[in-house]
Amino acid sequence: MPSVTLAAPDDFDGWRAAVRTLVARDTPPSAVTWLIAGEAGDLFGEAAPGGDAALPSFTVPKAFLDMAKRVVCNAEPERFALLHAALAQLRTRSKLLDDAADPLVRRLYDLDKGVRRDVHKMRAFVRFREVDATDGERFAAWFEPEHHIVRLNSGFFVRRFAQMRWSILTPELCAHWDTADLSFTPGAAKGDAPQGDPIEAVWKTYYANIFNPARLKIDAMTKEMPKKYWKNLPEAALIPELIAGAAGRTRAMIDTAPRDAPAAATDALGALRADAASCTRCPLYAPATQTVFGEGPADARLMFVGEQPGDQEDLAGRPFVGPAGQVFDRALAQAGIDRTSAYVTNAVKHFKFEPRGKRRIHSKPGAGEIDACRWWIDQERAAIAPAVTVALGAMAARSLTGRVVTISKERGRAIALPDGSELWITVHPSFLLRIEDKAAAAAEFDRFVADLAAVRDRVATLA
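Using the working numbering, read the sequence shown as starting at 159 and increasing by one per residue.
No lab work stands behind these hints, which were simulated from the structure alone. All figures in this text were calculated on a predicted structure; none of them were measured in a lab. Wrong hints could be hidden among the right ones.
[As the list claims (entries may be wrong)] When the alpha-carbon atoms are kept at most 27 Å apart in a straight line, the in silico DSSO-like pairs for lysine-lysine are as follows:
id, residue 1, residue 2
1, 220, 253
2, 567, 516
3, 279, 227
[As the list claims (entries may be wrong)] Label-pair restraints from in silico Cβ distances:
id, residue 1, residue 2, range
4, 540, 233, 55 to 65 Å
5, 342, 593, 47 to 57 Å
6, 217, 513, 32 to 42 Å
In this text, a Cβ means the ideal position worked out from N, Cα and C, and glycines have one as well.
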């Protein structure tokens, strides 16, 4: 049985070089043993043949390569064989990754999701502490990842802390940055990392002040910040006391709250907007320029929820200002709706894209990213309490209902929401831009305007 020995558990380049030869020679995935240098191997295996320039080349979708770079970082022992099997199928099934029901594809997506989650947790929960150094300031942090993500994730910390000398220590691999070069060394023990520094008192004070007892959802908090990470977070020591006192603090906030409802809602929206500016609930925040929060009056009776910001919205920091926003504004005007009287936001607050040269091409957010951002939508709706919320597109409808929605089945009717308000569903303005036939585009635009006019009339009856 041929075997391939890779240099490290996350050796994507080594896997890619070997698997191209294996696939080109039609070597079945079940016949290959994948090994890591320095680990126990197959005593009876033989090395797989090396690369051969004479073998035919082939191409695969970029999406597969992007996913493979993450999947090889998963701790699952079968990851290399699973990727090998997918690559072999891609030669004849170019749309393989579109088949989410395929067991192999579903398995790879699960592995990819696990790595993405671990990457996000590392970015959210690494806490640098100052260490003694004779040559100037240096900081170190301890983290225990579930997967082999240190190399994959190091670029984020280089970009975020470019002018700071730091080390991230983990049991398997350590990353070091000296403001010019990134290097890696073997794993360390937790005792090698600093256990505290004076800045922690400042961090605890900050956390105690931003902790809002009225928004406390323990299940959601522990899901976002699992207890296994608490031991490395200085602020975690405050959590039990803050939870215990949450009810009393909430009552005090209610007793002293302003009685002017619109003013209170405005204050609540301002606080939400400030919180959202530093949101790290999903990985989309890292490449995006900024959070694109909602805008509009705090006492709006009508709320529009789009899908996600586009390129221009990401740069401007405002929703619906690009080409789709222009279509939206034109339709609102024809339907007799003043945009400044409505609240406009998106289901996902960060722009998801794929770079293509100097361009950034819109990429559809996944279910996990929609779910992560649902918290913000829930908070916006709670602060504004609109009589009618309009979902622009299937992604927005999913965010608001928690389920997959077919627009053609739900369009043009009121759907009761748990808080007693109504949800109406229609298409996203970008859908109209994608219709090439001019007559069909004009007809769909008129139908969109009719949807908005029906919503306008419904709000008037509920006012």
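Run through the hints listed earlier and report the numbers of any the structure violates, in increasing order.
2, 4, 6
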